[in-house]
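Colleague: Knowing the structure of chain A, use the given hints to seat chain B on it.
Protein chains in written order, with the working numbering: chain A, 696 to 1225; chain B, 696 to 1225.
Derived by calculation from the structure, the hints in this document are not laboratory data.
A couple of the hints might just be wrong.
All copies of an identical chain are treated as equivalent in the list; a pair is satisfied when it fits inside any one copy or across any two copies.
Stated by the list, open to error - BS3-like cross-link-like pairs, simulated, lysine-lysine; straight-line CA separation at most 27 Å:
1. K950 with K826
2. K950 with K897
3. K1071 with K1061
4. K867 with K761
5. K950 with K902
6. K897 with K867
7. K1139 with K931
8. K857 with K1139
9. K826 with K857
10. K1196 with K944
11. K902 with K826
12. K1071 with K931
13. K826 with K1210
14. K826 with K1071
15. K944 with K702
16. K944 with K931
17. K1139 with K814
18. K1139 with K944
19. K1139 with K950
20. K1071 with K1139
21. K1196 with K986
22. K950 with K761
23. K814 with K1210
24. K826 with K814
25. K826 with K1139
26. K950 with K1071
Protein chains: 2
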Amino acid sequence: MRANYKKFVGLILVSGLLLGLFYAWSPGTSSGVDIRPRQEGLIKELIEGKIRDPFSGNRDIAYHIKDDVACHLARNTCVCLGDEGAFQLPFSNLLFPRVWAHNIDLAFLESHPDPEGLKRHRAEEYSNFQKRTYNPADVPFVAEANSPLQYPTQGVEVRPLKTIIIPGLGLKEETRSNHMVYLTASLGTFDVAATVDGVSVKGGGEKHMILSSPLLSTLNKQLQFVTYTNTVFHPKTADTVQFATEGHKSFFSIKVGHGTIPKLYNSGYQREYNISALVTIATKTFLRYDKLKDLIDSIRQYYPTVTIVIADDNEHPQPVPGPNIDHYIMPFGKGWFAGRNLAVSQVTTKYVLWVDDDFIFTANTKLERMVDILEKTTLDLVGGAVREVTGYTATYRHTISVEEGGEEGNCLHIRNGYYHVIEGFPNCVVADAVINFFMGRTDKVQEVGFNPRLARHGHLEFFIDALGSLHIGSCSDVIVNHASKIKLPWSKTDSQKAYDKFRYSSSTADNDIHKEVFYFKNRFKCMTSH
Amino acid sequence: MRANYKKFVGLILVSGLLLGLFYAWSPGTSSGVDIRPRQEGLIKELIEGKIRDPFSGNRDIAYHIKDDVACHLARNTCVCLGDEGAFQLPFSNLLFPRVWAHNIDLAFLESHPDPEGLKRHRAEEYSNFQKRTYNPADVPFVAEANSPLQYPTQGVEVRPLKTIIIPGLGLKEETRSNHMVYLTASLGTFDVAATVDGVSVKGGGEKHMILSSPLLSTLNKQLQFVTYTNTVFHPKTADTVQFATEGHKSFFSIKVGHGTIPKLYNSGYQREYNISALVTIATKTFLRYDKLKDLIDSIRQYYPTVTIVIADDNEHPQPVPGPNIDHYIMPFGKGWFAGRNLAVSQVTTKYVLWVDDDFIFTANTKLERMVDILEKTTLDLVGGAVREVTGYTATYRHTISVEEGGEEGNCLHIRNGYYHVIEGFPNCVVADAVINFFMGRTDKVQEVGFNPRLARHGHLEFFIDALGSLHIGSCSDVIVNHASKIKLPWSKTDSQKAYDKFRYSSSTADNDIHKEVFYFKNRFKCMTSH
Chain A
696 MRANYKKFVG LILVSGLLLG LFYAWSPGTS SGVDIRPRQE GLIKELIEGK IRDPFSGNRD
756 IAYHIKDDVA CHLARNTCVC LGDEGAFQLP FSNLLFPRVW AHNIDLAFLE SHPDPEGLKR
816 HRAEEYSNFQ KRTYNPADVP FVAEANSPLQ YPTQGVEVRP LKTIIIPGLG LKEETRSNHM
876 VYLTASLGTF DVAATVDGVS VKGGGEKHMI LSSPLLSTLN KQLQFVTYTN TVFHPKTADT
936 VQFATEGHKS FFSIKVGHGT IPKLYNSGYQ REYNISALVT IATKTFLRYD KLKDLIDSIR
996 QYYPTVTIVI ADDNEHPQPV PGPNIDHYIM PFGKGWFAGR NLAVSQVTTK YVLWVDDDFI
1056 FTANTKLERM VDILEKTTLD LVGGAVREVT GYTATYRHTI SVEEGGEEGN CLHIRNGYYH
1116 VIEGFPNCVV ADAVINFFMG RTDKVQEVGF NPRLARHGHL EFFIDALGSL HIGSCSDVIV
1176 NHASKIKLPW SKTDSQKAYD KFRYSSSTAD NDIHKEVFYF KNRFKCMTSH
Chain B
696 MRANYKKFVG LILVSGLLLG LFYAWSPGTS SGVDIRPRQE GLIKELIEGK IRDPFSGNRD
756 IAYHIKDDVA CHLARNTCVC LGDEGAFQLP FSNLLFPRVW AHNIDLAFLE SHPDPEGLKR
816 HRAEEYSNFQ KRTYNPADVP FVAEANSPLQ YPTQGVEVRP LKTIIIPGLG LKEETRSNHM
876 VYLTASLGTF DVAATVDGVS VKGGGEKHMI LSSPLLSTLN KQLQFVTYTN TVFHPKTADT
936 VQFATEGHKS FFSIKVGHGT IPKLYNSGYQ REYNISALVT IATKTFLRYD KLKDLIDSIR
996 QYYPTVTIVI ADDNEHPQPV PGPNIDHYIM PFGKGWFAGR NLAVSQVTTK YVLWVDDDFI
1056 FTANTKLERM VDILEKTTLD LVGGAVREVT GYTATYRHTI SVEEGGEEGN CLHIRNGYYH
1116 VIEGFPNCVV ADAVINFFMG RTDKVQEVGF NPRLARHGHL EFFIDALGSL HIGSCSDVIV
1176 NHASKIKLPW SKTDSQKAYD KFRYSSSTAD NDIHKEVFYF KNRFKCMTSH
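Pulled out of the complex, with its shape left as it was, chain A reads as follows:
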């Protein structure tokens, strides 16, 4: 009996232990975390009246507006205006290209059966987008003057659920009987990596910690050991930490997140650029197999082994024979940007070169130059020049700017031109958009992508999607030829006529897609351009 009893108790104990261990081990917290996007109200106390609109408020102190500066201040109410067309000199459009304004919202909404519903839908989608992308590290903070607190204002990061020492904390005040500081966070807890004699630590391991000591020097030594541990998982956010003492508060952000995993390409390390190892050529073809063949033949003269990826949405696809050619068949007529997105999605080399299927490589099409500038600068993409049969060579450089517009949407401004020449590369400049002959870092171009809804035509939409992501350049000394487009109407081949019919007929539905992309997807109300 005794043996049985012992066995029984032993079994209970072991079961209890195993059960306890099992629950302790269960990965994951069972208490729920709310990840529905929160309405972030203005964190007024953070600014505590330090940020005022200087143009309002009391006029005790007189000031005089400087128009040449004040007129450049951004307002959240961009106005959709082009040029009035007052300048009537001959060739004025060459010297001073007229700016046209397009009211995208009016154009799109007036043909829509339910404009009010659509506006509400867009506002709701945008609101959700803002909530998803809200980052507490972007909230305006102001450092208080004459505060005894010393603290980090940027550069503090922690990976999810990990622990760091918070650098730079300190208190500098006159001697008093007791020195005390408070730390508060919401996505993590505080503790100390070491304890200092004579310092009281309350709330170690919690979201609110108080350190106090009669000696300032010991408190400051203790502050060097303060740790922060992220406890609420998020792949990319920030925790707002309050660091305070009597009468003074300060706020700073600790970035919480996984950090960026690099995407490095192993492309060999010879002295000279091995174009086949570094570059893949991508193109889309439709109804122009003859031109495609000319393109491929011309590429092979200079780059016999480079891989060429072809996206093909012909109704009756033909084979495209040859080594190092990857030919993809799409459903008929899927379209231009769908094909571009497809081709680029298949590239495994460090760089991708976009070409149209009616380009011709020549001795001036030196891809090594494009690789060189991408290897040596921070550019993500560099355009070249396309030479027409007339000799006219285009780089299609444009700058793009976006102006805040409030609830109705933003204003998009597109202008011919570039920002500046690139030092060390005198034929190259920086811009926001370039011609359709460019080489880019594959991972960055894939990240931006080509909107597959744009079927018949599109160009600047890619560069608009790229704003803020790609650093873009343009070199006028890397030139590709454009197969002749000068065809007299009666001398066009049947396939030429079929192509033109498809390509250049702009149906209403097709134009509607473009308006919808500008109005809804990118949330513009106005576009101005030359």
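Modeller: For chain B alone, coordinates are given in the frame of chain A:
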């Protein structure tokens, strides 16, 4: 003669005027800007000795290390260790799954003909990556205690070449004969939007501006009108501004860049979720047209009009008939992730649902539930559950963490499990990786992408690439069936055998690609997992 002379002079004048106007109008600065990545040295003065390693330095003040906290501090030298396997209880592997450590660097380098050259190449690529992604807004700054300067510490942004008022600038000091502040920047200039009587402004319109006044109140009013204009274009960077007075310096960042252009999807706004308008189903198929047909038939029972995108790299592709099916033909054997990247690149709806070609939809495959959580939370992707014919249902939830490892690379830790339950969705949790049945925001999934080099197999690589980009969830109540995999060897069909041969034979070359992706592309030296 006189008339001719007048005409001549007039012509010269007009030409000169036109030429002058032309050069003035030429868009873009001709003086070069250096965009070769700079070596950013430690900005020591910014920290001015405020950040010290607390564990070194003088030991005048005694401290005692708290091991339970100090052991969690991140060190830049992760060690590649698994479990020792000491626990030998029965079922110990169920309760305490053993952690295995894989030395990725050793595994990859030992089979490489030139390990030293490869290491150098990776270090160089990584260094360039760091220079390209360097952002001055991430440099550690510390706010000085007892400084009379008031200034913004975060949240100040300006679009390229635009002007803003810098909020929150102030000086609070005791009265003296003259109050003076200095502002310095490198990518822009300062000015004032209004002038205040009694304040001297020197350097308005330049990178270094000095404001001074005998009256503190007027200087502070003037400080409310200080503007910053970005003059050196960059699509995404930050300018470091120094704001100083006698004896005190402060630093803060102004973010310079285009800002994020939203990608909003117009998918209608009915009360109920219109799955066909919101979701596209994407899959890849190879040697399993019979299973693919079963999948499509099962989808059509519940979602008769949803678009299905199929990437197909069979050697002898067969048609896949049916409405709302987009069938893409790839070069033979291009592979798994190439196919996934292709399929996803073609999606035009707000959400994309990934399925394997041997899944079967049932009444439990409620896509509305996945849409619901994506619509209502900040999740970017949500996985479901896959039910085997045995009844075993898997969600494959994993957490992933990356630990800094110094020059040899980082350590990747993959564990079964999840982070926390999602409030409001009791069957759903947050994790870093899920099973291969998931719905995601199309723009975010396209942004991460599937590495087209991974031909025969791959799964976690997508989630590793997604770290820091995607907020990922997993719901156990959206279930898809897995067509039976239990096949006795002698009862397999020919196509089954062909598939298995292709899919499950891991060639050395194939494994080498995976090692290369972990070692080179993502820069890991070690991976630990269950």
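Colleague: Work down the list of hints and note, for each, if the structure agrees.
Modeller: Each hint tested on the structure:
Within a single copy, K950 and K826 get their C-alpha atoms as close as 17 Å, and across copies as close as 20 Å, so both meet the 27 Å cut-off. Taking identical chains as interchangeable, the C-alpha atoms of K950 and K897 lie at most 27 Å apart only when both belong to the same chain, with a minimum of 25 Å there against 38 Å between chains. For a Cα distance limit of 27 Å, the shortest separation of K1071 from K1061 inside one copy, 16 Å, qualifies, whereas the shortest one across copies, 51 Å, does not. Taking CA atoms no more than 27 Å apart as the test, K867 paired with K761 passes between copies only; the shortest distance there is 25 Å, against 41 Å inside one copy.
Proximity of K950 to K902 under the C-alpha cut-off of 27 Å is restricted to the intra-copy arrangement: shortest distance 16 Å within a copy versus 30 Å between copies. Taking the shortest Cα distances, K897 and K867 sit within 27 Å of each other inside one copy (21 Å), while across copies they are farther apart (34 Å). Taking the shortest Cα distances, K1139 and K931 sit within 27 Å of each other both inside one copy (20 Å) and across copies (14 Å). Taking the closest pair of Cα atoms, K857 and K1139 come within 27 Å of each other only across two copies (26 Å); inside a single copy the shortest separation is 29 Å, beyond that limit.
For the identical chains of this complex, K826 and K857 are neighbours both inside a copy (25 Å) and across copies (26 Å), given an alpha-carbon limit of 27 Å. Within a single copy, K1196 and K944 get their C-alpha atoms no closer than 68 Å, and across copies no closer than 66 Å, so neither meets the 27 Å cut-off. For a Cα distance limit of 27 Å, the shortest separation of K902 from K826 inside one copy, 24 Å, qualifies, whereas the shortest one across copies, 36 Å, does not. Proximity of K1071 and K931 under a CA criterion of 27 Å is satisfied inter-copy only: 18 Å between copies versus 30 Å inside one chain copy.
For a Cα distance limit of 27 Å, the shortest separation of K826 from K1210 inside one copy, 25 Å, qualifies, whereas the shortest one across copies, 38 Å, does not. Proximity of K826 to K1071 under the C-alpha cut-off of 27 Å is restricted to the inter-copy arrangement: shortest distance 11 Å between copies versus 38 Å within a copy. Taking identical chains as interchangeable, the C-alpha atoms of K944 and K702 are never at most 27 Å apart, the minima being 62 Å within one chain and 74 Å between chains. Proximity of K944 and K931 under a CA criterion of 27 Å is satisfied intra-copy only: 26 Å inside one chain copy versus 31 Å between copies.
Within a single copy, K1139 and K814 get their C-alpha atoms only as close as 32 Å, which misses the 27 Å cut-off; across copies the closest is 24 Å, which meets it. Proximity of K1139 and K944 under a CA criterion of 27 Å is satisfied in neither setting, with 41 Å inside one chain copy and 38 Å between copies. Proximity of K1139 and K950 under a CA criterion of 27 Å is satisfied in both settings, with 24 Å inside one chain copy and 21 Å between copies. In the homo-oligomer, the alpha carbons of K1071 and K1139 lie at most 27 Å apart inside one protomer (16 Å), although the nearest pairing across protomers, at 30 Å, exceeds that limit.
Within a single copy, K1196 and K986 get their C-alpha atoms as close as 17 Å, which meets the 27 Å cut-off; across copies the closest is 40 Å, which misses it. Taking the shortest Cα distances, K950 and K761 sit within 27 Å of each other only across copies (25 Å), while inside one copy they are farther apart (39 Å). Taking the closest pair of Cα atoms, K814 and K1210 come within 27 Å of each other only inside a single copy of the chain (14 Å); across copies the shortest separation is 50 Å, beyond that limit. Within a single copy, K826 and K814 get their C-alpha atoms as close as 18 Å, which meets the 27 Å cut-off; across copies the closest is 42 Å, which misses it.
Proximity of K826 to K1139 under the C-alpha cut-off of 27 Å is found in both arrangements, the shortest distances being 25 Å within a copy and 15 Å between copies. For the homomeric pair K950 and K1071, the shortest alpha-carbon distance between copies (24 Å) is at most 27 Å, but the shortest distance inside one copy (31 Å) is not.
The earlier numbered hints that this structure contradicts are 10, 15 and 18.
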